[in-house]
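Number of protein chains: 4
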Amino acid sequence: MEVVVGGNKRARRSYGFDEVALVPGPLVVDARDVDVSWTLGDKRFEIPILAAALDGAVNPLMAIEMSKLGGLAVMNLDGLQARYDDAEAVLQSIADAPQEGVVGFIQRLYAERPVQPELIRKRIREIKDAGAVAAVSATPLTAERAAEAAVEAGVDVFVVQSTVGTVRFESSQVPEFPVAEFCKNAPVPVIVGNTVGYQATIELMEAGAAAILVGVGPGHICTSRKVLGIGVPQVTATADCAAARDEYHEKTGRYVPIITDGGIRNGGDIAKAIAAGADAVMLGSTIAAAQEAPAPGFSWGMATSSADLPRGTRIRVGVSGSLKEILFGPAHRDDGTMNLVGALRLSMSSLGARDIREMQQAEMMVAPSLPSEGKSLQRAQGVG
Amino acid sequence: MEVVVGGNKRARRSYGFDEVALVPGPLVVDARDVDVSWTLGDKRFEIPILAAALDGAVNPLMAIEMSKLGGLAVMNLDGLQARYDDAEAVLQSIADAPQEGVVGFIQRLYAERPVQPELIRKRIREIKDAGAVAAVSATPLTAERAAEAAVEAGVDVFVVQSTVGTVRFESSQVPEFPVAEFCKNAPVPVIVGNTVGYQATIELMEAGAAAILVGVGPGHICTSRKVLGIGVPQVTATADCAAARDEYHEKTGRYVPIITDGGIRNGGDIAKAIAAGADAVMLGSTIAAAQEAPAPGFSWGMATSSADLPRGTRIRVGVSGSLKEILFGPAHRDDGTMNLVGALRLSMSSLGARDIREMQQAEMMVAPSLPSEGKSLQRAQGVG
Amino acid sequence: MEVVVGGNKRARRSYGFDEVALVPGPLVVDARDVDVSWTLGDKRFEIPILAAALDGAVNPLMAIEMSKLGGLAVMNLDGLQARYDDAEAVLQSIADAPQEGVVGFIQRLYAERPVQPELIRKRIREIKDAGAVAAVSATPLTAERAAEAAVEAGVDVFVVQSTVGTVRFESSQVPEFPVAEFCKNAPVPVIVGNTVGYQATIELMEAGAAAILVGVGPGHICTSRKVLGIGVPQVTATADCAAARDEYHEKTGRYVPIITDGGIRNGGDIAKAIAAGADAVMLGSTIAAAQEAPAPGFSWGMATSSADLPRGTRIRVGVSGSLKEILFGPAHRDDGTMNLVGALRLSMSSLGARDIREMQQAEMMVAPSLPSEGKSLQRAQGVG
Amino acid sequence: MEVVVGGNKRARRSYGFDEVALVPGPLVVDARDVDVSWTLGDKRFEIPILAAALDGAVNPLMAIEMSKLGGLAVMNLDGLQARYDDAEAVLQSIADAPQEGVVGFIQRLYAERPVQPELIRKRIREIKDAGAVAAVSATPLTAERAAEAAVEAGVDVFVVQSTVGTVRFESSQVPEFPVAEFCKNAPVPVIVGNTVGYQATIELMEAGAAAILVGVGPGHICTSRKVLGIGVPQVTATADCAAARDEYHEKTGRYVPIITDGGIRNGGDIAKAIAAGADAVMLGSTIAAAQEAPAPGFSWGMATSSADLPRGTRIRVGVSGSLKEILFGPAHRDDGTMNLVGALRLSMSSLGARDIREMQQAEMMVAPSLPSEGKSLQRAQGVG
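Chains as they are written, first to last, in the working numbering: chain P, 1 to 384; chain L, 1 to 384; chain Y, 1 to 384; chain E, 1 to 384.
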């Protein structure tokens, strides 16, 4: 679906969550028979939901809770947990700070203290001691040093994550991060991201990534689009990467899960991400809105602390309920932000999909959200 | 009109009411000569409008009034009328409840009392005693037991309705609802829904449905889309099912009417639904806004009472006039929510359509509602 | 550009003013050399602007003023001017009435007094006595009787106008209005409308119409779309009818001007209507906002007075300046509602179009108005 | 991508900044290795940003500052700097004027004093004496006289700019401006504009333009579209002109840079303009919001002073920081209006583009901004 935008410049039409909808067919399956589990390396997870490596979303407590509930939380090894012994007090001070000047306040907190390997080890042990799965993330710049401490402490999953994560990086200043070597040497599965596009995904799979994080500036109106002009809507990004996964799988026999990361706001978006080809999804604000979250009611991105080009601020996400309620209900909101797993099961049931792989084949329609609709659609809630 | 949304994922472009408009041709017919009747089994209805099985829309009084005016109201056999002897008092208590906590209040009212077969019989007899046509609805889970009582009481039309109603249902827990057997054994016409899509519609017709309810999460921005990701815009859904009806009709000689259910807000939407292929439409909030409605000024969906995944709340629909004014005018509003039949006649007149079957052939254009227009379009009201 | 909206239902994509923009080429002409005149029958008009037959837009005074300035105002022979001797007082009373209940107030004023032939004659003579061109309108139902009085009084142009004006009208109740006979017998040019579509336009031209009014429910979000589901965006409607005009012209040698009527809000829309193929445009609210307008600051459509299906109300249009300022400037607003002729000249100049026929060939792009743009486009005002 | 808008009228689909997004590929380059310089004639500029010839954006001080920072500011020779000796006081009086009546106030200030050649010389010498590059602009009407003074004072770059600037101009009143002769005789590079479209661009290049300003009414909802109906979205306009540049380059060996002028609001738009084919961009309001700007916090277009058809007013642009902060950061806003060069470098880095020519090949997607998205896309700020 390529168009000419002008002259010789061509562009593909891309699609975000709000432009598509899922379509039932002639078969419905019982929601109780729906299997939403997925597998990363040799680990099976009961629910296809990961918590993103944001300081406002994941601390050891949240990692333990997510693991108990069948999901996976990723802790950020470049964040406050690895910089401050008493991270919880620092997180609370961010939640308590006035909005005015909060970006500068956050910038200072991250700049003042370096990452400390002993804190990395301590946090991971807190998670492991509770019998939970420990997953952590670092950037290509910090991954090698962080991995050393993390592996020593018994980490289960390692994530290497940057805005645009590729195998190929050219620089006259620093050596290229050796993705393939890192994956090969790591004694645990390495998830790499974020990426978009068929070719970049194939290269990451060939380099040995255990799973791929999909999503670069996915929102239609997000900071990356305003600041950098960059952003691929998530339905297109996910379907592109899923095509790479399927072809790589067919060729090599190795199945590399695709994790859609970014832009997901509700149960409907989770269902659409999987129908677009994802094996699991990564959530940030939705998790940061749990009662158990590190800085209750608030979240901020890692790019907030960037000294010269901050892309983000502290946002109020509110507190919607316990993590268990957010994942399994009961929902006391009807906006799709609670009972995410229940919603996914019901969606899959209605679409006749018994597991994630079948859900990836669900029928999709292009059905744009129009601004003028939705006001008096109360009847839509009628006979459900 | 299939597009590639990414990778190998394809999607059809779909259309809702706000994206299309009807187009006059070279013939106008006198509105007084327009016939808007339709037929269900051996019953002829003067107007192609059904009232939806919502507790806030249909009680015995409304059923009687709709029948007198030539339409058909469907009473919900899983609702308050079948649970409470003094249902009107309970309905009034919902209308009177403060918004805060109203979902929990409604949930309790539905949970506290089971459906009672003697109340089913009583409600239907109230309708029949007034000489009106009695139509009732149940879900696949409750249909068989409810039908027994309903038939005994002399019901005229039975509706089996669920979010996604299909012939095929797979479960390790409960037996499949036997659609074909139920339709065959029922001594009255059985309407089945809700459905979308050619294949599901064909299967329901082959199973013996007397009419099909079309519509699954039809709104562009509705709860089903947010919670489940599911939703088919109604123009596309209706046209798909109408194609199935026409082919089935040609093959078997049996004509199974298509009833568009959900997302209809005004006379324009009714005209578009029929032009898309519907034989009749089902309305909820518009009917709940009648003076005679069970809980004047309010409506709520059945999914509001879902314990773990409520998809809806009590909404204020206001009171726009008597049912007669809503259907036949005079209108004292210009938003298209009153004199629906008058508007449909005038629309058909302008399009040169003498009856519903001709209206199904009306020319349609894709003509999106743009947010920036409509502000100063007063002239559009000019020379009408 | 036909799409399948579902099943076997097809629909053309249509376009309104806000979705297109005009594109300069390699030639600019001096605005002073631009000729914006057009011809109706044997009458030449200096500017391609007509005032619509709304009681809030045209009284004899306005007709005289428009004629002096080179345009043409159409007076409504079914309106207050033909019902009340002291129409100005009645108009003032509408302007003074509180908004609450104004529709009923207007309905009564139109219902209480019948149209009086002697008032028709009086109004036309007022216009003719001032040396101005007199144009009047009636509906098919009232045209024959009104025309008798109008012709007697020396009218110059007669307009037969209804929501959908076609040659063919089928009725068991009333005889068809004989368009061809009426045009043939009238001693003056007869403009007929409103119409859309190639075939309907061809038939009206063959019936002898001197010009065609184009536009049925043209707004994207207008009352006709909400109430009737009917509405054709004006760029598409104009281009369709212009194609009929050009083919009819080629075949018969008779050139029948196309007048775009409805949905025009500013100078940009006028330019686009002509670029889509129009020979002239008809304006309502924009003219009703003149200081000289009959009910300064207000307008209302004829359908407002419909007893059972009112489609409109009294709207506040404000007072933007004298008619001369609205047409020729100077503008003291930058929203494109003043100096309409100056704007059209500058637009044609920039597009290299020396006259209306060349402007009809101007290059057009599909360039949707996006809600998110336009906020900080101040630079667009920069180097003009 | 031509569509039929109706009848025989065809139109190309065009694209603006908000409808496209840039797409990373499998290569990332180090931002420190990115080269954003461009060349005009024999002059190399370190950053591809020009300040527009608005009185609210450029005075000699700003020209000096821009030059020091590697960019180029264009001073308007028809503006206040060339009319008033104490221009700074006049500019301050505009900033201080109440909004009510400000258009008339500005109109009088421009009308009261003619352009004075000695002031032209004085301003340019102020810039040259500071060792900066001096660029000035005039319209075709004033260019010849202004150029004489400017060249005498040692100007480095001359800009001839009008709303639609073409080689061909037909007039019965005034002689055509001899573009080719002017370019040939000028001892300095002459930038010409504004233009859109392949053919017009080719003709300007053949006439000897040293660079082309691209952009005519580029905003989707801008005054030119409302008043004149004219406006080409900038992505399409830029790509069209870039195609002309590349073909002309291939044929003649002369490379004529394309400068996208208008509608650019943030770093993302700059990246998109270059990815569409531009060599540099021209900014107005963004520069007028610098602390050093002539009328701090305000801007107004030249068309504001038009006596009969004002297209613009004085707008409040605010003060976002020093020019250096706007261009090179640090940003203390996350809306993409600060650290524009840093953002461009990071964007190019993420897209694997080492220089402007490579950035012109960046992959682009059509990815519309939807009104319903962007609310809860905080996660998009997450892992950047």
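Calculated from the structure, these hints are not laboratory results. Predicted model, so just to flag it, every value in this text is computed and none were measured. We treat Cβ as the ideally placed atom computed from N, Cα and C, and that holds for glycine. One thing to keep in mind: the hints can contain errors.
Only some residues are given here: those of chain E computed to face chain P with a beta carbon under 8 Å [as the list claims (entries may be wrong)]:
(1) R13
(2) V23
(3) P26
(4) E88
(5) A89
(6) A153
(7) G154
(8) D269
(9) G336
Some chain E residues flagged as far from chain P (calculated, every beta-carbon gap over 12 Å) [said to hold, decoys possible]:
(10) Q99
(11) T201
(12) C241
(13) P330
(14) T337
- Against which earlier hints does the structure fall short, listed by number upward? 4, 5, 6, 7, 11, 12, 13, 14
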